[in-house]
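The primary structure of each chain is shown beneath.
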Amino acid sequence: MANSVEVLSDKCVGCGQCAGACPFGAISTLERPEHPKKFKLAVVDLNKCAYCGTCSQTCKFSAIELKKDASQSSVDKSEYKGVWVYAEQRHGEIADVVYELLNEGKRLAKQLGTTLSAVLIGDGLKSKVQDLINRGADKVYVCDDPIFIEFQDDPYTSILTQLIKKENPEIILIGATNIGRSFSSRVAARIHTGLTADCTSLEIDAQTRNLQQTRPAFGGNIMATILTPSRRPQMSTVRRKVFKEAKVEEGRKGEIVDCKVDVATLVNRTKFLGFIKDASSNINIGDADIIVSGGRGVGKVEGFKLLEELAEILGGAVGASRAAVDSEWIPYSHQIGQTGKTVAPKVYIACGISGQIQHIVGMSSSDIIIAINKDASCPMMQTATYALEGDLYEIIPNITKEIKAIRCNS
Amino acid sequence: MDIIVCIKQVPNTTNIQIDHETGRLKRDGVESIINPFDEYAIEEGVRIKEKVGAKVTVITMGPPQAEAALREAIAKGADEGVLVSDRAFGGADTLATSYALSTAIKSLGKFDMVICGKQASDGDTAQVGPGIAEMLDIPHVAYVKKVEASDDKTIKVERMMEDGYDLIESALPVLLTVVKEINNPRVASLKGRMAARKAVIKVLDAATIGADTSKIGLNGSPTQVMKIFTPPQRTGGEKFTGEAKEVAAVLVKRLSDLSLI
Ligand SMILES: Cc1cc2nc3c(=O)[nH]c(=O)nc-3n(C[C@H](O)[C@H](O)[C@H](O)COP(=O)(O)OP(=O)(O)OC[C@H]3O[C@@H](n4cnc5c(N)ncnc54)[C@H](O)[C@@H]3O)c2cc1C
Ligand SMILES: Cc1cc2nc3c(=O)[nH]c(=O)nc-3n(C[C@H](O)[C@H](O)[C@H](O)COP(=O)(O)OP(=O)(O)OC[C@H]3O[C@@H](n4cnc5c(N)ncnc54)[C@H](O)[C@@H]3O)c2cc1C
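Residue numbers (my numbering), protein chains in the order written: chain F, 1 to 410; chain R, 1 to 261.
Hint data in this document are derived by calculation from the structure and do not stem from the laboratory.
Among the hints, a few may not be true.
Said to hold, decoys possible - 25 Å max Cα-Cα, derived DSS-like pairs, lysine-lysine:
#	chain 1	residue 1	chain 2	residue 2
1	F	K68	R	K202
2	R	K227	F	K60
3	F	K300	R	K245
4	F	K106	F	K271
5	R	K153	F	K271
Said to hold, decoys possible - Restraint ranges, calculated between C-beta atoms of paired labels, are given here:
#	chain 1	residue 1	chain 2	residue 2	range
6	R	V200	F	F61	23 to 29 Å
7	R	G109	F	Q207	20 to 26 Å
8	R	T154	F	K110	25 to 31 Å
9	F	I256	R	D212	55 to 61 Å
10	R	T230	F	S230	54 to 60 Å
11	F	T265	R	K110	26 to 32 Å
12	F	G16	R	K153	24 to 30 Å
Here the structure is a predicted model, which is why all the values come from computation and not from measurement.
No residue lacks a Cβ here, since even glycine has one placed at the ideal position from N, Cα and C.
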């Protein structure tokens, strides 16, 4: 175990840049007891250090040396080929994120000079196979059995790991949905490989064929690029709505692999008893082109009527900040942000939402952001494409009226 | 019933601010707290204990300072605290973290249920819970919003999904990861605080739990952080001020010019 981070005391001037840069708060600057009047010295708490190297990259004096023990056993990478997309389905419908992953997967496969495959696990879904081929899959593995009718972690983990062990793909992309995030970690643990969570950008390093997986962490405050340098496959869950959907190419040709499912080899320690639909999730805000969203500034449950009215004439949906949800003005299924939904509509109208980072991470990929707020200095107003300063109770009815007027005239 | 609750000490990210000059996180005065989702895990463990009788053991892997998080959990009703701490655990990714925690849990003896938070507010991966379940070779249910019923062999829970919720029954032992809809965590009582002050925290290092050193810490981690940076700021656009009526009219004109209306 020879991982070390060493501060070279003759080079360190105690400026504290590294302490500020360390995402783990592992560095502090201390007085030098032998020279109390001289520069301070940076000290790394190895209990907190993750050896990420941010400090040594930040230091202007080359005073921090990072050594990583490279003794990790490496698999023979040349034995792993192909990019896979897990074709998530729920209640027999392919999840939208799958089409986004096929688009991105195609790009990665091309760069690597390899093929793109989709893995479909379900019951009676053969009719969906051509759909996946039309969206770019060169090959579709179909695992079809009544045991897969509803998602349960045990059998889904078993079948996917069996298939991975047999076929040795190089990269596996899985939607960062509740299903994807629930069982991908089990799969990665069973085959002893790395899994990067909730990625928003993927790039290939041509030389090593390593996948550079970039993801937000610390509630969106920082971004990290993560590698799985010595294990294969490289697995990522990918946030929905960050990549565009693959285009449909009717009648595209592809190979269909009918996987023999031996139910006797699938452990299952859970029982699926039923599904209760959330009635308020009928309009799925994730799919809306326009979202009118309200925050604490709306002030009361009746205020959301104004937002609904505007959303209706725009053909959009209503979203909310956590503050509005916590005040019980609107159900949780409308919450947008870190602990709610991630959306990327064409137009996002934030009414009385200050724009704290936990909210911003859920909507910052929107094409156009419109903020309506009394406080011109709040973060939402600073990031918005169009920042409207004023009282939402005066501005929104005027917008609604104005749109109606335009529509009458045209 | 023996219940293990996994908790993580995290920086309080609600107050984290970016220093716009350096583009870095401002760390000064950022306190350490129990990961917000783990508060619900502790509360659910304590509720099951109050209903059917159980011993609730909280466990954390982290630096010696993480002991504070364990004492706080005891103040909120947990019975015992276990700190898994060793420099050799440093730099662990979720696979190495899951291995260390599952090995420590096995070393504690019998258990019927392990409860985790949905995800940690710093690493944000939601991978450790299912990872621990895999290494303990027990089933798991993620995103649990309600425990409907349980006896000594099975448990029935509601699993939150994007479009509603699933009703799942599982054999025990099981690992659950819980969402905030599951309960309202209590504040610590005076009696709890006293118990927390007196509690003896068990400290386990890598050798004590018999961990394979090639599977822990940085060396046991297939993923490596290549770089960390602050996200590019979305730069602001046009500002509209003045009479509500005019502001609204200008906006609607813009949108119709872009054929969005
Ligand atoms: C772990 C964690 C996870 C979180 N997850 C989420 C999440 O998923 N989603 C989320 O949204 N939040 C989340 N939060 C909460 C987040 O930090 C903020 O507290 C929240 O987003 C604030 O909501 P708000 O902007 O509506 O309220 P406030 O910050 O109170 O802002 C209200 C705004 O309304 C304006 N205003 C008031 N009256 C009017 C008026 N009449 N007209 C116009 N403007 C007016 C004010 O100027 C102010 O800017 C999370 C927090 C934590 C710690
Ligand atoms: C910026 C950044 C990005 C990262 N990205 C990845 C990544 O993509 N993939 C990866 O494998 N690792 C990643 N890591 C490493 C990862 O954060 C650590 O392994 C961490 O110890 C556990 O992950 P988490 O914080 O995401 O916990 P989560 O998996 O989100 O935690 C879920 C639950 O597990 C329990 N738990 C988690 N940690 C502990 C603990 N130490 N003690 C007790 N219980 C615990 C808690 O109940 C918690 O609610 C990243 C680290 C950083 C700093």
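Against the structure, the hints:
The suggested pairing of K68/F with K202/R is violated, with an alpha-carbon distance near 31 Å, which exceeds 25 Å. Straight-line distance between C-alpha atoms of K227/R and K60/F comes to about 17 Å, which keeps the hinted pair within the 25 Å bound. A distance of roughly 23 Å separates the Cα atoms of K300/F and K245/R; the hinted pair therefore holds under the 25 Å criterion. With a C-alpha separation of about 36 Å, the suggested pairing of K106/F with K271/F is violated against the 25 Å cut-off.
Between the alpha carbons of K153/R and K271/F the distance comes to roughly 13 Å, so the proposed pair stays at or under 25 Å and holds. With their beta carbons about 45 Å apart, V200/R and F61/F fall outside the hinted range of 23 to 29 Å. Between G109/R and Q207/F the beta carbon distance is about 49 Å. The supplied range of 20 to 26 Å is therefore violated. Taking the beta carbon of each, T154/R and K110/F are about 49 Å apart, not inside 25 to 31 Å as hinted.
Separated by about 42 Å at the C-beta atoms, I256/F and D212/R break the suggested range of 55 to 61 Å. Distance hint check for T230/R and S230/F: the Cβ-Cβ separation is about 28 Å, which falls outside the suggested range of 54 to 60 Å. Remark: the range hint 26 to 32 Å for T265/F to K110/R is upheld by a beta-carbon distance near 29 Å. In this structure, G16/F and K153/R break the distance hint of 24 to 30 Å, their C-beta atoms being roughly 57 Å apart.
This entry does not satisfy hints 1, 4, 6, 7, 8, 9, 10 and 12, going by the numbered hints stated previously.
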